[in-house]
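For chain A, the structure is supplied; the task is to place chain B on it using the hints.
One letter stands for each residue in the lines below.
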Amino acid sequence: MSHPQSRFGIHGGQYIPETLMNACIELEKAYNYYKVDPDFQRELNELLNDYAGRPSRLYYAAKMTRDLGGAKIYLKREDLNHTGAHKINNVLGQALLAKKMGKTRLIAETGAGQHGVATATAAALMDMACVVFMGQEDTVRQALNVYRMRLLGATVVPVTSGTATLKDAVSEAMREWTRRIDDTHYCLGSVMGPHPFPTMVRDFQAVISQEIRQQLLEREGRLPDAVLACVGGGSNAIGSFYHFINDPTVRLIGCEAAGRGVDTTETAATIATGRLGIFHGMKSYFCQDQYGQIAPVYSISAGLDYPGVGPEHAYLHDIGRAEYVPVTDEEAVEAFEYLSRTEGIIPAIESAHAVAYAMKLAPKMRPDQLLVITISGRGDKDCAAIARYRGEDIHE
Amino acid sequence: MSNIAQAFAHGKAFIPFITCGDPDLDTTAALVKGMADAGADLIELGIPFSDPTAEGPVIQEANLRALQGGVTTDKIISMVRTLRKTVKIPLVFMTYANVVFSYGSERFIRTCAELGMDGLILPDVPYEEKEEFRPLCQQYGLDLISMIAPTSEDRIAMIAREASGFIYIVSSLGVTGERSQISTDINPLTEAIRKVSQTPCAVGFGISTPEQARTMAAQADGAIVGSAIVRQIARYGKDALPPVTEFVREMKQAVRSLS
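The listed protein sequences correspond, in order, to chains A and B. Just so you know, we're using the working numbering here: the first sequence kicks off at 24 and counts up by one. Just so you know, we're using the working numbering here: the second sequence kicks off at 26 and counts up by one.
Errors might be hidden in some of the hints.
As the list claims (entries may be wrong) - No farther apart than 30 Å at their CA atoms in a straight line, the calculated lysine-lysine pairs in the BS3-like style are these:
1) A:Lys52 / B:Lys110
2) B:Lys113 / B:Lys100
3) A:Lys52 / A:Lys122
4) B:Lys110 / B:Lys100
5) B:Lys220 / A:Lys52
6) B:Lys100 / B:Lys220
Don't read these hints as lab results, they were simulated from the structure.
Pulled out of the complex, with its shape left as it was, chain A reads as follows (with noise of 0.2 Å):
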């Protein structure tokens, strides 16, 4: 019998190869033992608010507020944590949880680089080895985020198998955690794969909505009116939305990628174009074609740039509790260009999909309505891509 606890509605589960089923059981004991000790919590508090830079701010984003003319916006700004996204959340939660199992090595997947950057420096700081594994074509894009990972001490594998983008480099990390066991955790990126990291990762993720919601109550008095972030595997997005999923006047909104529109082949828009299928141990929505086999996606975002969506999603799709709006290439570098003026603020490529589709929604929004965008990373990582696509040649 599936596990109960492993899905959401019909999707999540556990479809993996035997050889990982103990490992996947081991994490859930060890997980629901340590989600509530005390001295696993206080530990994991220290190092989120000393180390990475906990709460993050929520800043009332007045200059765009004005221009687009609608709802009041505020930004989550997970871009001002250490390592310049909201990945450290779920990685100093897992690496400190693997420490504890006895686990002495990190193996990771990285679409953007800002995961693997993130395990690296969890890994360095815990005295842990740490192997990242990130598309051929990412070590490409992603150049500056490749050497920051081997700064940090890890080895960077590139993966040339499939499309050498982020599936690529998810099915070579499960490959290798098959390999190596005893001594390994795989320190998943996002709220995706086979229970418990769907639930464990949006646990961990969850503090971006415990905060918003503390800090806009503090701030306005009351819960925003929409909530808005993007869409790759879906962790800034589940854990933006998780504290408010009760709260049905709160709009939750996940910007996937469009790539170069949801009608043509290059998207990676998976609620949009995907269907139910089983892949990467779960049961979810995947872009695939019509006999299974999992397209090659296409989007301007490594980090985005993945054919299947969290569980958790593809269920708060399927009962209608969240809304999922897909964002093209040119939407998003727009964003990205818009933010970086308006308010100075350069967002990742990811967040300006959830920034231009609050462009569009704002202005729609009265102005005693509350916005809340969250901008997962910060695009530092994306000047000299963005840069390109606009037809300029600058080396980083």
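Below, chain B without anything else, positioned relative to chain A:
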């Protein structure tokens, strides 16, 4: 109940694996006939998947070659339909959950039964998720093959008790592919299985030489070889029939003398 038991009726079984459509389906059909004639007791037919997470590089590349050659589940089904007229030994499909699920699990499994397939191996479907496919397999008389790994430990009895067809023992950690040495002692696994089940056990992952096949088969009821054969196909392409049948003959010889 399928015909899989027959595969273990002639002493220790030799079970080769090939990827359908690598390099093309005509070659696959010829290889299946050739291997059956050379003494294969059961053949695993791989339906290629874009992202085979349990495979090492050799079978990954075979999957890619087959898909690039335009092979689809439907084309493989028509090939097997013709092939079944002449090949009588047990045949099982080995593929990934999404290939079956996206075809429509019931439609796929019903078609397998109509084709005369005997079983299905899905390496990304562990015990906990087998309800997704097993009731359908039982309904249409196919065996959903259970896998047991060196890490299974306390899970062995639970898995073995419900196993049917044969039990696929994964020889070592990691993905498929030849290994110069297989250090796992299979005996404790087979002993734990034997306490609760009489289902035959075949060992796979990493076996490439007659000596390895003998060592592994001695501790079980058969040996499974994939990558070593797929490597020959990668090397010889459409001309792979002679070297592959020769290899199968040699391997069957090596395990046969054990019984």
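Status of the hints after comparison with the structure:
1. Of the supplied pair hints, the one linking Lys52 of chain A and Lys110 of chain B is violated, its CA atoms being roughly 51 Å apart against a limit of 30 Å.
2. A hinted pair counts as satisfied when its Cα atoms are at most 30 Å apart, and Lys113 of chain B with Lys100 of chain B qualifies at roughly 20 Å.
3. For the given pair, Lys52 of chain A sits about 14 Å from Lys122 of chain A by alpha-carbon distance, which is consistent with the 30 Å threshold.
4. For the hint pairing Lys110 of chain B with Lys100 of chain B, the CA-to-CA distance comes to about 17 Å; that is within 30 Å, so the pair holds.
5. With a CA separation close to 28 Å, the supplied pair Lys220 of chain B and Lys52 of chain A stays within the 30 Å bound.
6. Proposed proximity of Lys100 of chain B and Lys220 of chain B is contradicted: the alpha carbons are some 42 Å apart, above 30 Å.
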